[in-house]
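Spelled out, the chains give:
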Amino acid sequence: MGKERSKKVLVIGWDAADWKVIEPLMQEGKMPALKRLMESGVYGRIQTLDPPLSPMLWTSIATGFRADIHGIDGFVEPLPDGTGLRPVTTTSRKVKAIWNILNQEGKKSNVVAWWPSNPVEPINGVMVSNLYQVPTKPIDEEWPMMDGTIHPKEMEEELKQFRVHPLEITLKMAVQFIPNLATNKELRKEKLTFGMMKVLANAASVHAASTHLMENTEWDFMAVYHDAIDHFCHLAMKYHPPYRPEIPQEDYENYKEVVESGYRFHDMMLDRTLDLIDENTTVILLSDHGFHSDHQRPLYIPKEPSGPAFEHSPYGIVVMSGPGIKKGGVEISGSSVIDITPTLLALYGLPVGKDMEGKVLYQAFEDTTAVDYIESWEKVEGDSGMHDKNVQEDPWAAQEALKQLVELGYIDPMDDDIAEQVVKARRESDYYVARNMIDGGRVKPALEILERIFEESKISRYGQRLVYAYLSQGQYQQCQNLIEELRTIEKQELKRIKEEKRKAKDDQDKDLGELHPVLWDENVEEPMYLDYLQGLLYLAMNKPWLALPLLEKVQKKNNTNADVPFNIGKILNQRKKYQMAEKYFIKSLAIDDRNARTHYGLGLSYLRRNKLELALDELLISVNLNFYVPGFHYHLGETLVRLGDFENAAQAFEVAIRFMPGMTKAHQWLHDIYKNKLHLPKKAEEHDLFIQNNIRGEMVIVTGLPKSGAAKVINMLEMGGQEVLFGKLDQEEDVLIGGEENLDMIRRLSTDEQFRMDSRDKAAKVFIQHLSNLPAILNYKVIRVNRPVDDIIFDQKKVIKKLKKHELPMDIVSKLEARLNLFNEWTRSRPNIWVLDLEYNDLVEHPLDCAGVISTFLGKDLDVKEMEKAFEK
Amino acid sequence: MSNQPEKREFKVTHEGSLGVLALGAVGLKLWRQAVEENKKAKKSKADNGKGKK
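Residue numbers (the numbering used here), protein chains in the order written: chain A, 10 to 882; chain B, 13 to 65.
This is chain B alone, in the form it adopts within the complex:
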């Protein structure tokens, strides 16, 4: 039986978290990806908003 604690899955958002930073290289990549996606989403939302006007 492993004495390692149970691992949980969690979602990486653009806000990040200490948990994400603590994952090291992998976490950092995922977080930056989420930041980029968020930027894109915001931009697209803003662009859509402009379009509606």
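Only chain A is shown next, with the shape it has when bound in the complex:
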């Protein structure tokens, strides 16, 4: 048993709660309970998982696993007999939730309305299902409690009374959300008004049940989930201030207070909840994702399953307070929703499953003593309170819940062809799982799923996701082919819709427009996203000169995607056009000011122009937004050194090497700072020793087949300020096979330690056939220059004399190809090799961009303008 930090924990889930809405309300004193909770403990943003779909997320929160492992993969699931669909159920969850683990540890839990928690599990404690509050009957009829809603069953009668029917909501309550209801009777018939009443009634039901249990039962763990903020936001975020011109003024006036009142009501509920806990209880309040509330609010919701999730933002909120938690309103960073279960286990002093993806949020703890680990909680025997897989839920309740999901737009209305509907739903769930896996870094298995579902359905968004997967795997040819296929699909789709549009009139037109706003523009031949994807592909292929015009075109027509100006800024940074880069990074931040990479890019653009204070601000923001990127800390360290703040610089470099222990440059900085600035010789020696013993140094290797232009690249590097060990043009050997001098250098690298030490950080040309002789003790950054084999051969003067044009000597071709294969084997066999592929023709045509790419790859601030001259015509 590890260290117990807390005896009781209360988890409160506020679906979709977002600091961007909360902060101004709190400043106006409108959320006092949350403010008190924050000020007594820690608070921060919490990162969601992709896709940001609540049942998947709340199950990840409660289990510490992603969807492919926990089994809740969307909003609906096929009925066991395949004859239809039902909302996701607890019977589909394949792993233990935190309350099941606690059950095995003899602890009592109350779980209220968790999504999904239907049918309820037979835990030691009380479980109230997420269908508890869903009204199934008109107000004047008996509202029965469905089987599977309450555990233990004998509490059904007791809890039944706490359900609030939407039609019980009085005018006095409703006017708090829609003040004009007091005077405008017509408004009372509006769908949004009824929607608001339903959401409010649901929230009141969940709150009443949970407060009743808090007051009348013993518990060690309690989890209460509220979906109401998410639902209020989906209903009315478009009317939330600031006003947007595309929203009818009258609607804005009517509904502008719905979201704010929803939040304030949650604060009132929180106030009451906090009154009911004792000082031994730790509180964790969190949301699963955020909700766009500013200019990032989408102008339209795509008509596709889970389309409303477009309104979700990637960061939610987390607040913790009570025993075990730091005091005094400390801001924490680096939290993810998948970290909650490991953190809960750590609070109870229980070991964390090694198979859980999440990490313990030590940054929230007073005592950061490391937790214990076990292989897996799944292997621990005992009564977990998970129920028999054959338990069936009440189909009636399920149908009501399904209806609610259709109303919210999360799933399509049921059509007549049930079998087809089931197939579509299955495919959609596979799509979510694939996205979830990609988000977790497991691209390969996700790629197989995406290839299958795209092949089956030819649905563009599956294809788009597949493009990203191919990109991340470096499968550029497949990526290119797929983009072309998507262009064909989009053209056909566009043609079809335009055809329908011509035939259709009035209302139907509006529907088609909502389907894809770009289709309203008769001049648009195909959606911009394909150009965007093509641009990303060119970027990944290190062809910024091809990417830039495409990205600029997209930027001109669609300025709502923050990634577009970000990528343009990145290219301009590579070209050392820092002032222009700054403009694009700022454009990107105007769309999304919480992107760490963009603040980092902007910081670099300042750093390189010696605007150190500005660089410092941006780099600090980037570190604050995403603490786990070593490069951010490294450049923060560099900025601080240049500002003369050596103590903090050392701290920044220390963090960088904590995340990337092999970061030679950071060790070198630390060695210099400790030795020369902070006068801490022992520490300086530590880093020196580390460099000597663990990191034997890094070399830049330029390679390629003979006559591929490798020597020119060596020259280019030297012109940019890179020290060169071997391979300048005057040392080049004009031979296809051979290179004794080259081989001699490699031998010395292996045998002569002093020579090896002196060679660190230098560049050398190495013939491709000699690469495998390089000693494994060094790290290598390899620039491979590629040139078509026939060009190489025809460029060989000796060979040309003997050959007729367009005739290739097959023995030489096969030898050259064999060398290329050797190169591939070499790079695959060693973990300490990083490769940049460059095309000779690109170097000739776009030397400045290639210089930028090389400089970025090497992580050095080379003089790209000088480098460009090496290939000047």
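Hints in this document: simulated from the structure, not taken from any laboratory.
Here's a subset of chain B near chain A, in silico, CB distances under 7 Å, partners left out:
| hint | residue |
| --- | --- |
| 1 | 27 |
| 2 | 28 |
| 3 | 29 |
| 4 | 30 |
With a Cα cut of at most 20 Å, we get these calculated DMTMM-like pairs of lysine to aspartate or glutamate:
| hint | chain 1 | residue 1 | chain 2 | residue 2 |
| --- | --- | --- | --- | --- |
| 5 | A | 194 | B | 27 |
| 6 | A | 247 | A | 199 |
| 7 | B | 41 | A | 149 |
| 8 | B | 54 | A | 149 |
| 9 | A | 169 | B | 48 |
| 10 | A | 181 | B | 48 |
| 11 | A | 181 | A | 276 |
| 12 | A | 674 | A | 656 |
| 13 | B | 41 | A | 166 |
| 14 | B | 41 | A | 177 |
| 15 | A | 103 | A | 384 |
| 16 | A | 169 | A | 150 |
| 17 | B | 41 | A | 167 |
| 18 | B | 41 | A | 280 |
| 19 | B | 51 | A | 149 |
| 20 | B | 52 | A | 177 |
| 21 | A | 336 | A | 13 |
| 22 | B | 23 | A | 280 |
| 23 | B | 51 | A | 151 |
The beta-carbon is built from N, C-alpha and C at its ideal position, and this holds for glycine as well.
Given chain A, put chain B in place with the hints provided.
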């Protein structure tokens, strides 16, 4: 000294309020009680009215 805000007493009427809903189970019970009482009062008023006629 407690950092909790000062608690106030308030009357629960049949119209209810967000404050009452926010009190949870206790508030809901009180509100429903007030609704019932109001219904009874209305009924009795109506019955009395009928009697007078």
